[in-house]
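Protein chains: 2
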Amino acid sequence: MQDEPEVVILRLGHRPGRDERMTTHVGLTARALGADRIILESAAEGRRETIEDITDRFGGPFEVEVTDSPLGRLRSWEGSIVHLTMYGQPVQRIEDEIRASHRKEPLLVVVGAEKVSFEVYDRADWNVGVTNQPHSEIAALSVFLDRLFDGRELDREWKDADKRVVPKKTGKRVEEVE
Amino acid sequence: MQDEPEVVILRLGHRPGRDERMTTHVGLTARALGADRIILESAAEGRRETIEDITDRFGGPFEVEVTDSPLGRLRSWEGSIVHLTMYGQPVQRIEDEIRASHRKEPLLVVVGAEKVSFEVYDRADWNVGVTNQPHSEIAALSVFLDRLFDGRELDREWKDADKRVVPKKTGKRVEEVE
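Protein chains in written order, with our numbering: chain E, 9 to 186; chain U, 9 to 186.
Keep in mind that the hints were calculated from the coordinates and are not lab data. Be a bit skeptical, because a hint or two may be false.
Note: identical chains are not told apart, hence a pair may lie in one copy or across any two.
[To be verified] Below are the PhoX-like pairs computed for lysine-lysine, each with C-alpha atoms no more than 25 Å apart in a straight line: (1) Lys112 - Lys180; (2) Lys123 - Lys167; (3) Lys123 - Lys177; (4) Lys171 - Lys112; (5) Lys167 - Lys180; (6) Lys123 - Lys112; (7) Lys177 - Lys112.
Quantities reported herein were computed from a predicted structural model and do not represent experimental measurements.
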């Protein structure tokens, strides 16, 4: 988010066909919950448009980048690295340490789909489990971001939006933004 | 979770083919993050086995139920009702009220896929937005449950598990449970 070191999501292991909606939801969740940017592999390039379309309509800033060398991006990252995995250390035990690090430097958050190579576990500063149960990379990412930002992401402002949802007790209200 | 009023997830609007993995992830997220039970529509019955298989291996209690009348279940629910929707009131503003209610009575959490009928908005005690941005019902559910339970779900114990993941700084460790 603005005025803070960058938080970037690296989506690994996208399987064309099988993972299309999951990767879209990872991207939209990253945007909605305060990340600045997502890096997709070439195999997931088709997802870029859907995510950018939401940013065009509902605001940003949020960037989508595509790379043919996701592990290269991991190796050259200047900052700290979190890898979300059910095998990792409980988020509730190490979130303070990660938050303290993020006050000082950018954070890369790796979200895998299929099996992730050992290099990722090894290069991560923290392998983090949102529970040690099998569930969903979208769920892990969203709980992680909400805790990283301590809920601040829920009150962020959006720039250059065409539309804005006005919260309602019942029903739907969407305003055009002037 | 045990010793608390029940939390039940009602998954609405599952579209066969399109929503299979999403509904599986909703179910696994519900289980991992402290819900007691998920109710699926008949159209999503094929997802039951995958979710129950995880419960058999990694523990419970967690129940999967299938109904041919999801709106009937909503109408006859005895307790309070949350409907997760990007059009709703900000979760951070009303979570205290919902937590207070859940200390006293069971809570039904409605998670829609495609468009949800107005009756759901109308019957819900709270229409809740985890941001008012379009993202993912899995993300909304996971942030909502983590806040509802105040993180207690991350330390819950699992019964009748065959396997247990042992948190590690690097790599993977799974133990057989005696």
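Identical-chain pair category, Lys123 with Lys167, by Cα at 25 Å: neither (36 Å within a copy, 27 Å between copies)
Same-copy or cross-copy closeness of Lys112 to Lys180 [CA-CA at most 25 Å]: Intra 40 Å, inter 29 Å, cutoff 25 Å: neither.
Same-copy or cross-copy closeness of Lys167 to Lys180 [CA-CA at most 25 Å]: within (22 Å within a copy, 42 Å between copies)
Intra- versus inter-copy proximity for Lys112 and Lys171 (alpha-carbon distance at most 25 Å): Result: close neither inside a copy nor across copies, 34 Å intra and 39 Å inter.
Alpha-carbon proximity between Lys123 and Lys112, which holds within one copy, between copies, both or neither at 25 Å: Cα proximity of Lys123 and Lys112: none, with 31 Å in one copy and 42 Å across.
Alpha-carbon proximity between Lys123 and Lys177, which holds within one copy, between copies, both or neither at 25 Å: Classified as between; 17 Å across copies, 42 Å inside a copy.
Lys177 and Lys112: within-copy, between-copy, both or neither at 25 Å Cα: Between copies only: 22 Å across, 39 Å inside.
Violated hints for the displayed structure, listed by number in ascending order: 1, 2, 4 and 6.
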